[in-house]
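Whole structure, please, built from the sequences with the hints as guidance.
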Amino acid sequence: MSRWLPRAYLTLVYLLLYVPIGILVLFSFNDSRSGYTWGGLSLRWYQSLFNNNAMVEAMWNSLWLALSAATVSTVIGALTALALHRYRFRGKKMLNGMLFVVMMSPEIVLAISLLALFLLVGIQLGYVSLLLAHVTFCLPFVVITVMARLSGFDERLPEAARDLGASDFTMTRTVLIPVIMPALLAGWLLGFTLSLDDVVVSTFVSGPSYEILPLRIYSMVRVGLKPEVNALGTLLLVFSLVMLMLSQWILSRSKR
Amino acid sequence: MKSPATRLSLILLLTPFLLWIVLLVILPHLQMLRVSFQVRESWDTLSWGLEQYANFFSESYYWRTFVRTGVMSLFTTFLTLLIAFPIAWYIARLASGRARGLLFLACLIPFWASELVRTYGWMILLRESGLFSAWLQALGWSDGPVEMLYNDAAVIIGLVYNGLLFMVVPLVTTLDGMEENLVEAGYDLGGGHLTVLREVVVPWAMPGIVSGCIVVFMLTLGSYLTPTLMGGKDSAWFTQQIFTQFITRFNWEQGAALGALLLGLSSLIVWAGLKLTGQSLRKVMG
Numbered sequence: 001m002s003r004w005l006p007r008a009y010l011t012l013v014y015l016l017l018y019v020p021i022g023i024l025v026l027f028s029f030n031d032s033r034s035g036y037t038w039g040g041l042s043l044r045w046y047q048s049l050f051n052n053n054a055m056v057e058a059m060w061n062s063l064w065l066a067l068s069a070a071t072v073s074t075v076i077g078a079l080t081a082l083a084l085h086r087y088r089f090r091g092k093k094m095l096n097g098m099l100f101v102v103m104m105s106p107e108i109v110l111a112i113s114l115l116a117l118f119l120l121v122g123i124q125l126g127y128v129s130l131l132l133a134h135v136t137f138c139l140p141f142v143v144i145t146v147m148a149r150l151s152g153f154d155e156r157l158p159e160a161a162r163d164l165g166a167s168d169f170t171m172t173r174t175v176l177i178p179v180i181m182p183a184l185l186a187g188w189l190l191g192f193t194l195s196l197d198d199v200v201v202s203t204f205v206s207g208p209s210y211e212i213l214p215l216r217i218y219s220m221v222r223v224g225l226k227p228e229v230n231a232l233g234t235l236l237l238v239f240s241l242v243m244l245m246l247s248q249w250i251l252s253r254s255k256r
Numbered sequence: 001m002k003s004p005a006t007r008l009s010l011i012l013l014l015t016p017f018l019l020w021i022v023l024l025v026i027l028p029h030l031q032m033l034r035v036s037f038q039v040r041e042s043w044d045t046l047s048w049g050l051e052q053y054a055n056f057f058s059e060s061y062y063w064r065t066f067v068r069t070g071v072m073s074l075f076t077t078f079l080t081l082l083i084a085f086p087i088a089w090y091i092a093r094l095a096s097g098r099a100r101g102l103l104f105l106a107c108l109i110p111f112w113a114s115e116l117v118r119t120y121g122w123m124i125l126l127r128e129s130g131l132f133s134a135w136l137q138a139l140g141w142s143d144g145p146v147e148m149l150y151n152d153a154a155v156i157i158g159l160v161y162n163g164l165l166f167m168v169v170p171l172v173t174t175l176d177g178m179e180e181n182l183v184e185a186g187y188d189l190g191g192g193h194l195t196v197l198r199e200v201v202v203p204w205a206m207p208g209i210v211s212g213c214i215v216v217f218m219l220t221l222g223s224y225l226t227p228t229l230m231g232g233k234d235s236a237w238f239t240q241q242i243f244t245q246f247i248t249r250f251n252w253e254q255g256a257a258l259g260a261l262l263l264g265l266s267s268l269i270v271w272a273g274l275k276l277t278g279q280s281l282r283k284v285m286g
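Protein sequence lines, in the order shown, are assigned to chains A and B.
Position 30 of the first sequence, counted from 1, bears residue number 30 in our numbering, the numbering being contiguous throughout.
Position 263 of the second sequence, counted from 1, bears residue number 263 in our numbering, the numbering being contiguous throughout.
What the hints contain is simulated information worked out from the structure, not anything from laboratory work.
Glycine is no exception: its CB is placed at the ideal position from the N, C-alpha and C atoms.
A hint or two may mislead.
[Stated by the list, open to error] Some chain B residues flagged as far from chain A (calculated, every beta-carbon gap over 12 Å):
1) E41
2) D176
3) E184
[As the list claims (entries may be wrong)] Partial chain B-side listing against chain A, Cβ under 10 Å, derived:
4) L10
5) L12
6) P28
7) Y62
8) P86
9) E115
10) W135
11) L139
12) W141
13) Y150
14) I214
15) G222
16) A260
See the structure below:
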């Protein structure tokens, strides 16, 4: 087989992978309103974003929501991963399976089932309903990240700690936590990004009292493509990229 | 065997998770099922019945959209497999050392952007006043602006783009474990490129192919943003009907029934796919 054909194919596919995102970032700095001509470098779309009070408030709401959803799911996820790793009990396989089912099932089904429940129980749609919903879809990802880390964990370490006279609490603090710390951080960053990026579930369970950024972008995109959206999309993109790169970096560094 | 202390710590560790799974996963789904069997006879009387499910089969608009969504999702999955296979082959078998890691990472990065941002990126390119339309005019291939957005082809482009990574990763993992001797043996026995691909490579990569196809199919069937933003008036997606029933028409009973059907039918299709290819879910999901 000739060598250039696979390379040409690969180049084409990778180009198509990056063109949509690249153009989005490039045109967010475009001084012109047009979608295809270059009017010079400018930050005017970013300026108009930050001058928009409602937008800035939605940004803060989103960040606060992502922060709390990631923290809650990391705490629960860490406890769960430890339980699934350390103990054998009936129904363990089923719980493991449930994690995958929740991850794979269509978002919109999760969204309507949660909405139906919130209204039945009388939870007002706003920060609390959003937090519960976001924890729901973040948790499986955090549990799996932490479990992957624990599966490479040398079982003799906690035993050695106990033989040396450490109590369960001391062992957890000095051996277990340092070992799973990178996975906890990585899981937290992943949860943060998932929460920050979510549109579908949030559309159903958010109320008018708590506006968040992705929903604002979504409604702007539906009405018509404005240059401000390029700037917003770029901001969201940079945020996700930084968070996930950090998460990958922490994980790969800790492997050595 | 278990001491009370281990039992206690297991319970303590697991309680938050069990609360989560019961209160936020199982209970809501049961409530959704319950709502789907409620029939509203007048504004204040409810009875039990299968009316919403009967509607799905009797009103052609519902089941036609479902069949359309299913067929387009299958096509998208197949197309994603065709595009992803050579990439995975290159990464797993032709590239080496540094290039390999870099290619894999380069494939990963676009997927760190959210679905909304990725879809929006394609919208800027494909719309009437977008870049592709401008290029076509500059090249003299078109006299006026061309609208490439809001049709089925655009939806499929968006969906393939969204699914690509989830196909590449499992394929790279399985192809990675394949020994070079196996392929060489195929050629030594007189097989051509196609025969070796069909008889040696594909059977070996089957677990990866099935697992990639399941994930991409489920993602595509359940996706809402991409078909809504990139599709036209006639390109209805099944998830949009659920949205319409719930949010626009306030017909929760019907929306819940459609949601239950989406969950049930998609699981059925995945199960049938596994049976047909002779794979088990446990093996496929690693």
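- Provide an ascending list of the numbers of those earlier hints which the structure does not satisfy. Of the numbered hints, 7, 11, 12 and 13 do not hold.
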